[in-house]
Amino acid sequence: MMGANWHLFTGFAFFIIMVLIAGLYCILVTRNLMRVLIGLELLTKAVTLLIIVAGYVTGYVALAQSLVITLIIIEVVVMAVTAGIILSIYRHNASLAAANLRSLKG
Amino acid sequence: MTLADIILLTAMVVASLWTVMTRSLLKSTIGLAFTSAIITILMFRLNSPLAAVFELSVCTGLITAVFVSTISLVKPLTHKEIVKLSKDRIKRFWYLPVIMVVAGLMLAFFNIPADLKMPAKAMESDVRNVLWNSRQIDIFGQIVVLLAGVFGIVLLFKEIKKR
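So the protein lines, in turn, are chains A and B.
Counting in my numbering, the first sequence runs from 2 upward without gaps.
Counting in my numbering, the second sequence runs from 651 upward without gaps.
Possibly wrong hints are sitting among the right ones.
Covered, in the sense of this in silico footprint (three residues per stretch, anywhere, with C-beta under 8 Å from a C-beta of chain A), are these stretches of chain B [stated by the list, open to error]:
hint: 1; stretch: 658-665
hint: 2; stretch: 674-681
hint: 3; stretch: 694-706
hint: 4; stretch: 742-748
hint: 5; stretch: 793-807
What the hints contain is simulated information worked out from the structure, not anything from laboratory work.
Note that the coordinates shown come from a computational prediction; the quantities given were computed from them, not determined experimentally.
Ideal Cβ positions, reconstructed from N, Cα and C, are used throughout, including at glycine.
Starting from the given sequences, assemble the full structure and let the hints guide the process.
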C-alpha cells in the first residue's frame, strides 16, 4: 500500500516540478512586472497541489485541506496588494518594465 | 495513478507552459485560470473537495478578475514596440521547453527509492474540526492577513486618487 502511495506521489511530483520550473523561469527571465506576478502564481499553484498530494498519500487529507485554505487566503491577499502596487508603479513610470524602475530612493 | 490523472497532469503542464510562453498578458491570465481549473479537478479526485472549491472560486475566479482588471488599466503597446519585444521574447523564452524536457528526462531516469518510510495512515478527520480545533492560530493569521490586505489596497488606491 505504501509503495503504491509512494508511486502516486512521485508521479504527481514529476509533473508538479515541471510547473515549478515554468514559474521559476517566468520570474527569472521576464522583465514585465505582471508576468513576474503570473510566475509567482504558478509557483503557488504547484505548491498547493503538492500539499494536497502529500496529504492524500499520508492520510492527513483534512490537515492538508486546512493548510491549503490558509495558503489560498494568503495568496489572494498577496496578489491583490501586488497588483495594486504594480498599478501604482505603472501610473508613476508609465511602464511595466522592471528595468525602468530607477526612480526609487536608496 | 490512473490514465485520467496522467491526462490531467499533462494538460496542467501544457497550460502552465502556454501561460509563460504566450505573448499576450490577457492570454497568459486565461492560461493561468485554465491551469487553476485543472488543479481543481485534481483536488476533487484526491478527496479534497473543500480546498478544490476554494481553489476554483478564489484562484480561478477572483485572482483572474484582479489580473484582468489590472491589465485593462494599463495602456497597450504600439505595433512597433510589439514587433521589437516579440523578437526579444523568442530569444529569451525558447529555452523553457528545452529545460522542461531535460528536467523531465532527468527526473524519469533518476532512481527514486520506492521503499521510503511513510508515516502511519492517520485517522480521517473532518476538515472543519481540524481548522477550528487544531489550527486556530491559522484562522487568526488569516484574519490578520486579510485586514492587512484590505488596508494595503485602501492606502494604494487612496494614493492613486490623490494624484
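* Apply the coverage criterion to the stretch 742-748 of chain B and chain A: a residue qualifies when its Cβ sits closer than 8 Å to a Cβ of the chain, and three qualifying residues are needed. => holds (count 4)
Tell me whether the statement that chain A covers the stretch 694-706 of chain B is true, taking a Cβ distance below 8 Å and needing three residues at minimum.
holds (count 7)
> Within the assertion that chain A covers the stretch 658-665 of chain B, do at least three residues meet a Cβ-to-Cβ distance smaller than 8 Å?
Replying inline: Holds: 4 residues of the stretch 658-665 of chain B have a Cβ under 8 Å from chain A.
Checklist entry - Would you say the stretch 674-681 of chain B counts as covered by chain A, given the rule of at least 3 residues with C-beta under 8 Å? => result Answer holds; 3 residues pass the 8 Å Cβ test.
| message | Can you confirm whether chain A covers the stretch 793-807 of chain B, using C-beta to C-beta distances below 8 Å and requiring at least three such residues? | response | It holds: at least three residues are needed, and the stretch 793-807 of chain B offers 8 whose Cβ sits within less than 8 Å of chain A.
The structure meets every hint from the earlier list without exception.
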